[in-house]
Every structure is written in structure tokens, then in C-alpha cells.
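Residue numbers (the working numbering), protein chains in the order written: chain Y, 7 to 124; chain C, 7 to 124; chain E, 2 to 145; chain G, 2 to 145.
It is worth saying that the hints were derived from the structure and are not from the lab. Treat the hints loosely; a few may be bogus.
As a list, the in silico PhoX-like pairs of lysine-lysine whose alpha-carbon atoms are at most 25 Å apart [stated by the list, open to error]:
id	chain 1	residue 1	chain 2	residue 2
1	G	Lys100	Y	Lys74
2	E	Lys6	G	Lys100
3	C	Lys74	E	Lys100
4	Y	Lys94	G	Lys100
5	C	Lys94	C	Lys74
6	E	Lys100	C	Lys94
7	Y	Lys94	Y	Lys74
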Amino acid sequence: MELSLATRTVGEHTVLEVGGEVDVYTAPRLRERLLELIDGGARRVVVDLGRVDFLDSTGLGVLVGALKRLRSAGGSFALVCDKEPLLKIFRITALDQVFPLHPTVDAAISADSTGAGA
Amino acid sequence: MELSLATRTVGEHTVLEVGGEVDVYTAPRLRERLLELIDGGARRVVVDLGRVDFLDSTGLGVLVGALKRLRSAGGSFALVCDKEPLLKIFRITALDQVFPLHPTVDAAISADSTGAGA
Amino acid sequence: MATVKLSFSPAPVHVRTARLVGVAVARRAGVREDLLDEVRLAIGEACTRAVALHRQYGLSDPVLVEMSDSGAYAVRVVDRAPIEAGIGLAALPPDELAKESLSEDALTTGVGFALLAGFVEDLQVRPVEEGIGTEVRMVWPVGR
Amino acid sequence: MATVKLSFSPAPVHVRTARLVGVAVARRAGVREDLLDEVRLAIGEACTRAVALHRQYGLSDPVLVEMSDSGAYAVRVVDRAPIEAGIGLAALPPDELAKESLSEDALTTGVGFALLAGFVEDLQVRPVEEGIGTEVRMVWPVGR
Ligand SMILES: Nc1ncnc2c1ncn2[C@@H]1O[C@H](COP(=O)(O)OP(=O)(O)O)[C@@H](O)[C@H]1O
Ligand SMILES: Nc1ncnc2c1ncn2[C@@H]1O[C@H](COP(=O)(O)OP(=O)(O)O)[C@@H](O)[C@H]1O
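With the sequences and hints as input, model every part of the structure.
Shown next as C-alpha cells:
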């Protein structure tokens, strides 16, 4: 239920695994962690939403904020998500056309490594 | 969460396994089942509370009602319970001095078979 | 000031909602995990009692639960039944509990009060300040 | 007639309580299990929006959630913010969403509205009948 955040590095990529509920109450902690990572020099960030049970507009706002920040810093930002209820949220908000969405972390990393930054 | 009720027969004893929450909302279903059993001729009844998550005063009232009914019919009634939070409820209400309480179904049955009816 | 208020039609099913909310707010207020079973039971008993009184008196008014977490976790459960009904409850001794003559309702009421008194250290039962009714007030310490 | 009412100080933590209650009452009212995720999300979005408005206008008034289950499951989320703020929300197209100039708050508001409109078939956003504020009204079918 509570937000969980775990960071690991895969080659040039920083992978942030998010779990639990990302909502108006916990989204500030996600924002803070993403800022820390970006301020600490991370430029290719993958956020794995695989263990997220709940995501609301505040959480989506934080993710869009990170995407913009990385783009303007010349970096890349991608999401990993393969659960239909979560994918529906991205479709309904048209954010599936804003974020690179991948079914696995490997897919996100190899898509970002072969093409240009997102 | 929801109330679950399962009946089985062990020799002369009728064992009613109760699970879930026995409260002001579900206690009427427990009362009904106990009445069915007693009206159907059960005279040595053991109620196994092993899988009860929550028990309130309404549930306790139903159990006392069954005890009285069986006593006046010359039968016996015993409870099985080995969880400390539940035992504390019986102690605080002094109902530990009203019900025969046993840690296992076997203990309840053999106590009832060696002595007189409760 | 109350932080969260819940009011519900006097029906048994909503007592479950009150327990759920009472425990969720307690947890977020910082009540220790090992106290939450008592919080659940006590709020349930107070609401069960209020619902029973409203039904007994044919009142369709809602039962009110107020939760506040300034300093400690304080919960008020308010009913609207005539005052005589609310007070004068007492725990029953074991030989009374098993008596044939004691009705299941009377037994449940006595047992409910014994649970409240036994589990809640800081408990008050008193008439409401305005209008008709009784409030059951329970306080638990908050410590993170 | 509303069956269950919840009111809470406009703080993010209580939005979680509102989601919990909203889903519990929906389940008990007989809303289909596969709709409960939508109920959770929609009530959360409506409350998040109300809390944001109260904070924006410096209002300490509680946010109100009313749940009623006569016929269908109807939920009203009521804020007390000046009316102009409440209405005129619209979903944003994708190219707007990613624009540098759009603030995170404005984006979140737009996305929140898109989620409400996208998930709730029977949705109304309108001024409250008495006083200042907006109510978001959502209805789900009940079928056992
Ligand atoms: N979260 C996901 N879960 C399952 N399949 C996905 C997911 N995201 C994308 N896909 C599938 O992976 C493929 C590539 O996705 P796409 O959005 O084109 O990636 P990119 O934005 O990096 O170009 C598509 O066929 C899409 O259906
Ligand atoms: N629910 C229980 N869980 C664990 N131990 C129990 C439980 N009930 C009884 N006991 C233990 O079993 C023993 C016999 O219990 P008792 O209450 O004397 O049975 P009875 O009422 O049939 O005479 C006691 O030592 C008691 O501590």
C-alpha cells in the first residue's frame, strides 16, 4: 500500500522501481527522489511501475515533470508498465502518446540505447 | 473478511467451523445456522473459532444463546479458540467462565466425552 | 477540531465501514500497530450500541463518528436516542451472563459495555452537549 | 437519502481514507467487483481536486463525500471553493501535455479531469445548490 522506491543502475541507465500507491499523498516523495536522481547526474532514467497498485493524476503529473526535466537536460525518460488497468490510465489521459511505455525494463533500456533519447 | 460457516460431524459431535468476521452484520447468519443445527437434533455442539478474525458483542451474544438452548435441551456446547486476542475478549467479558474453551477440536471433544455435558 | 467525520444510517452493515475508517485514520494518526485491534473492537462496539439504540427507538437519524488526531487519537461516537437509554450500562458478572432470564439483547449490551470498558483506558460515556443523545468518547495515545 | 457521509480536513492523507470508504460502501452496495478500480480512482480524483482547490483558496473547511445506494451507487464530492475554479476544466491534448510552459499543477488538474471523464460514464460537475462550491456527482450501476 505504502509507496516503495528502489534505485539500481543498469549500464548507463538508472532504473527506479516504484511500488504501492502513487497518489496525492505519496507523489511528493516520488518527485523528490526523481529530482535527487536527476540532480545527481542521472540522464537516462527508466521508471518501472511494475509493482504500482494505484496511480492518480498527481503521480502522473510528477512523471511528466521528470520527463520534461530530462528532455531539457538532453536526457531520456521511459516507463515500464505491463498491467492493463495502468495502461488504460495512460490511454485515457493521452499520456501514452507522451511517454515511451515498455512492457519490461530490458525493452525500455534497449529501445533507449538503439534510438535517440526520448 | 466475510463470515464463513462449515459443519462436520465427528462421532456424536457436530463441529461448526467459523471463519471471518462475526459482528453485528453477520451474527444473524451464525444464529440461524446454530438454530438449524439444534432444531435438526444436534445436541453436542463444538464451535471452532480458529479462523475468526473479528468477534464482537453481538457474536458473543449468539454463542451464549446457543449455549443456553443446548443446556436446557440436555446437550453440550463448547468453543475452540487458541488465539490470544480472542481469548482476551472472553476474559474481559467474564465469558471464559461461562463457556468451555479448548485449544483444539480434539480437546473439546474428549473433554465433553469424558465428563458430563457442559 | 475533528479531522474526519463519518455519519451513517443506523444499519449493521455500516458499522463495518466505521471500523474500517476508524482504524485507517488511527494508523495514519500514528496509533501503535499493536493497539489497532483494540481501536477496531472499541469503535465497532460503540457503533453497534448506537445502531441498536436507534433501531430500538425507531430513529432513522444517522450515527456520527468523529475522529481527531491533534495530540492524541480521539474518537467520538454519537447517537440520538433518549438519554436514559444511553447511561447506566454496567458489565454483568458471569453468573448473570448465563442466566436463562437474560435476553440475548440485554446480554449483548452488557458484553459490549464490558468490552468498551475493558479495552479502552480513556473512555467517557456522557450526554451530548446539544439536543438528545449520548456520546461515547475514546482516546488513544499517538506515538511514532 | 445519503447512506454514508464522510467529511475531512483538506489534507492529502485523507483522500486515501475517502477512497477506502468509497470502495467499501460500493462493494456493500453491490457494485460489480470489476468496476471497483474505477470507483477507487474516480473518488480519489474528485477528492484530490477538492483538496487542491481548498488549499489553493486557503480554505480549512472540510471536503464532503456523500455515498448513497438507493437504486444505484451515487457519490457526491463537494468542495467549498469559489465557483469559477470548479468548472471549465477540460482534458488536454497530448501535445499540450508535454509542453514546457504547462505547470505540473495545471497538468495534474487536466489529467485528473480526463480520468474522471474517461472512467465515469455518469458524471456531473455543477455548482452546489446552497452556498459556494462545486459538486462532482458520479453514479455507478448496482447489480448483484
Ligand atoms: N506497457 C506495455 N505493456 C505491454 N506492451 C507494451 C507496453 N508498452 C508498449 N508495448 C508494446 O511494445 C511495442 C513498442 O511500444 P512503443 O510505444 O512503440 O515504444 P516506443 O515509445 O519506445 O517507440 C508496441 O507494440 C506496444 O504495443
Ligand atoms: N482456547 C484455549 N487456548 C489455549 N489453551 C486453552 C484454551 N482453552 C483452555 N485452555 C487450556 O486448557 C486447559 C483446560 O481448560 P478448561 O477451561 O479448564 O477446560 P474446561 O472448561 O473444559 O474444563 C487449561 O489449562 C487452559 O489453560
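Here's how the hints hold up against the structure:
1. Lys100(G) - Lys74(Y): holds, 8 Å
2. Lys6(E) - Lys100(G): violated, 41 Å
3. Lys74(C) - Lys100(E): Holds. Lys74(C) to Lys100(E) sits at ~8 Å (cutoff 25 Å).
4. Lys94(Y) - Lys100(G): holds, 22 Å
5. Lys94(C) - Lys74(C): Judged against 25 Å, a Cα distance of about 22 Å means the pair holds.
6. Lys100(E) - Lys94(C): Measuring from Cα to Cα gives roughly 22 Å; hence the hint holds.
7. Lys94(Y) - Lys74(Y): Distance ~22 Å between Lys94(Y) and Lys74(Y) Cα, so the pair holds.
This entry does not satisfy hint 2, going by the numbered hints stated previously; all others are met.
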